[in-house]
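Visitor: Sequence:
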Amino acid sequence: MNKREIWERNLAKLRTKELKIIFKYLKNKRFSKALEIGAGNGYQSKILINICDNLIASDMNADRLYSAEKNSKIKLAVLDAEKIGSSFDRESFNFIYSSN
Numbered sequence: 407m408n409k410r411e412i413w414e415r416n417l418a419k420l421r422t423k424e425l426k427i428i429f430k431y432l433k434n435k436r437f438s439k440a441l442e443i444g445a446g447n448g449y450q451s452k453i454l455i456n457i458c459d460n461l462i463a464s465d466m467n468a469d470r471l472y473s474a475e476k477n478s479k480i481k482l483a484v485l486d487a488e489k490i491g492s493s494f495d496r497e498s499f500n501f502i503y504s505s506n
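In terms of my numbering, the sequence shown is numbered consecutively and its last residue is 506.
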């Protein structure tokens, strides 16, 4: 296994653990519409969709974002995080998530 594969495997473990901690505090709550800021390749999006009916996964890197596994409940949006406020209505989401 090369260094990049080791890095990616350990990063996936960290991201999974991060969400498990958050889910513990949410106590099985579901969200009708959620936004993930900085979704990258969509790894956490695939986990977040378990608590969301609809998820917008946003990232400013179109190449990484569009490499994400396709899911009909996840809409991809190429968007700089600084433009989030002007891109959606004030109360568009009942859950917003950003990792790191």
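None of these hints come from the bench; they were simulated from the model. Among these hints, one or two may not hold up.
[As the list claims (entries may be wrong)] Using 25 angstroms as the maximum straight-line C-alpha spacing, the simulated BS3-like pairs for lysine-lysine come out as follows: (1) Lys476 with Lys423; (2) Lys430 with Lys452; (3) Lys433 with Lys479; (4) Lys479 with Lys439.
[Said to hold, decoys possible] Per label pair, the in silico range of CB-to-CB distance: (5) Arg496 with Asn408: 42 to 52 angstroms; (6) Ser498 with Phe429: 19 to 29 angstroms; (7) Ile453 with Ala483: 28 to 38 angstroms; (8) Asn408 with Lys479: 32 to 42 angstroms; (9) Ala468 with Lys419: 36 to 46 angstroms; (10) Glu497 with Met407: 21 to 31 angstroms; (11) Ser504 with Lys479: 28 to 38 angstroms.
Keep in mind that this is a model prediction, so the values were computed, not measured. All C-beta atoms, glycine included, are put in the ideal place defined by N, C-alpha and C.
Visitor: Now tell me if each hint is right for this structure.
Guide: Going down the list of hints, with the structure as the test:
Proposed proximity of Lys476 and Lys423 is supported: the alpha carbons are some 23 angstroms apart, at most 25 angstroms. At roughly 17 angstroms between alpha-carbon atoms, Lys430 and Lys452 fall within 25 angstroms of each other, so this suggested pair holds. A threshold of 25 angstroms between alpha carbons decides the hint, and for Lys433 with Lys479 the separation of about 22 angstroms falls inside it, so the pair holds. Proximity of Lys479 to Lys439 is assessed by CA-CA distance (about 10 angstroms); at most 25 angstroms being required, the pair is judged to hold.
Between Arg496 and Asn408 the beta carbons are some 46 angstroms apart, a value that agrees with the proposed interval 42 to 52 angstroms. A hinted range of 19 to 29 angstroms for the beta carbons of Ser498 and Phe429 is consistent with their spacing of about 22 angstroms. Range check, Ile453 to Ala483: Cβ separation about 18 angstroms, and the 28 to 38 angstroms hint is violated. Here the CB-CB span from Asn408 to Lys479 is close to 33 angstroms, well matched to the stated 32 to 42 angstroms.
The hint said 36 to 46 angstroms for the Cβ distance between Ala468 and Lys419, and at roughly 27 angstroms that hint is violated. Checked against the hint of 21 to 31 angstroms, the C-beta distance between Glu497 and Met407 comes to roughly 46 angstroms, which is inconsistent with it. One distance hint, 28 to 38 angstroms for the beta-carbon pair Ser504 and Lys479, is violated here, with the actual separation near 19 angstroms.
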